[in-house]
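Peer 1: Residues per chain, in single letters:
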Amino acid sequence: MAKSVKVYSTPSCPWCIRLKQFLKENNIEFQNIDVSSNQAAVDEMVQKSGQMGVPVLDIEGQIIVGFDKEKIKSTLGV
Amino acid sequence: MQVYDLIIIGAGPAGITASVYSARKKLNFLVISLDIGGQAAWSGDIENYTGYQFISGPDLAQKFQEHMLKYDTALRENEEVLELKKSEGIFLVKTNKTDYQSRSVIIASGKKSKELGVSGEKEFKNRGLTYCATCDGPLFGAKTVAVIGGGNSALDAVLQLVKIARHVYIINNTPALEGDAVMRQKVEAAENVSIFNNSQVVSVAGDKFVNAIKIKDNAGTRELAVQGVFVEAGLIPNSAFAVGVEKNNKGEIMVNSRNETNIPGAFAAGDVTDVSEKQIIIAAGEGSKAALSASKYLARSRF
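Chains as they are written, first to last, in my numbering: chain A, 1 to 78; chain B, 1 to 303.
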């Protein structure tokens, strides 16, 4: 069963682009939440991660801040 | 252990261009880098890279990456070089993951953001304070923010933020803004910008997130209420790992017109060097020059 994956990102952030590229390369389906046009999404991201930097990855409630490849790999089991 | 012809450290404009030239010379080489695109990827609008009248930083970085990987180049991404030294004619490259060996190297590790060194900076990093306007700027819609710095990278950040934020303060420690005249004029024409010249940040304050900065000029100190702080106070070269390589007083690696350093077989290119200007197109040109020099060095040394 695939895990539910959310990516909080902005369109211009290089690490967000890398992160989404990485997920696509590994055939991980994810929901992209663009926080740049959405204050409610910003609040949700800040509440979950306790900080304001993007990208933030939410893998079934487990929060990863930044493009931490190793941590993402081990959490997703890829 | 495998000994590569060449290891390229860094994958910004200099490192990637060096990789393209090295691939076309059929060298057995490896690229090691923390990120792809370097500072170019963090730029907003780029209007001075020939051939592109306008391209965004992330888009140009993407083009660079596609060009590099077209040659099936061996790339170790997310890997940081901790030490580079030459011993018995071989370069030893130690990273946070493993060790490599090569007959030549190109150091193209670029520069990173300089920190302000004021109280509250570390505490509020990613809690309103950021070093990447391109990434985090869009989170500050209708907020009041401060940009710290007065050079091109600061102006670039300001021009991104004027479209998003309610008001932008510029805290610049020199008598007037520097950087390109075109950008300066755009900044000075913006209605929601206030410029504080001859001013320094003393501290960053807040509760859970930033809510104010204290600044100082000749007249004294004052507090500005801000929800965001964008640090664009200059850059320092990523050169500390290079053992025995000659550097100037700014820490930049000294190179000659052939991109040679003081160590035979060690070349350097782009913003990490003392090349006279730091521009994407110059870094790319320097990268190609370094790769051609390295290729000649390898041929001459009959490796």
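Honestly, the hints are just simulated from the structure, not real lab data. The C-beta atom is built at its ideal place from N, Cα and C for all residues, glycine as well. There may be inaccurate statements among the hints.
Claimed, not checked - Calculated Cβ distances over 10 Å to all of chain B for the following chain A residues:
(1) V5
(2) T10
(3) I17
(4) K69
(5) E70
(6) V78
Claimed, not checked - If you only want the chain B side, here are some residues facing chain A, beta carbon under 7 Å, derived:
(7) Y52
(8) R127
(9) D136
As the list claims (entries may be wrong) - Stretches of chain B that chain A covers, calculated by requiring three or more beta carbons in the stretch to come under 8 Å of a beta carbon on chain A:
(10) 39–45
(11) 53–63
(12) 137–148
Peer 1: Decide, hint by hint, whether the structure agrees.
Peer 2: Against the structure, the hints:
For A/V5, the non-interface assignment is confirmed: its Cβ lies about 19 Å from the closest Cβ of chain B, beyond the 10 Å cut-off. A Cβ of chain B approaches the Cβ of A/T10 within 10 Å, the least distance being about 4 Å, so the stated non-interface status is violated. With a cut of 10 Å on Cβ distances, A/I17 falls inside the contact zone with chain B, its closest approach being about 6 Å. Not every CB of chain B is more than 10 Å from the CB of A/K69 (nearest about 5 Å), against its label as outside the interface.
With a cut of 10 Å on Cβ distances, A/E70 falls inside the contact zone with chain B, its closest approach being about 8 Å. Once the 10 Å rule is applied to beta carbons, A/V78 is consistent with being away from chain B; the minimum gap is 15 Å. Given hint, B/Y52 at the interface with chain A, is violated; its Cβ is 16 Å from that chain's nearest Cβ, farther than 7 Å. Checking B/R127 against chain A by beta carbon gives a least distance of about 6 Å; that is within 7 Å, so the hint holds.
With a cut of 7 Å, the hint placing B/D136 at the interface with chain A holds, because the nearest CB-to-CB distance is about 6 Å. Under the rule that three or more residues need a Cβ within less than 8 Å of chain A, the assignment of the region 39–45 of chain B holds, with 3 such residues. With 5 residues carrying a beta carbon less than 8 Å from a beta carbon of chain A, the region 53–63 of chain B meets the three-residue requirement, and the given coverage holds. Counting residues of the region 137–148 of chain B whose CB falls under 8 Å from any CB of chain A gives 4; the rule of at least 3 is met.
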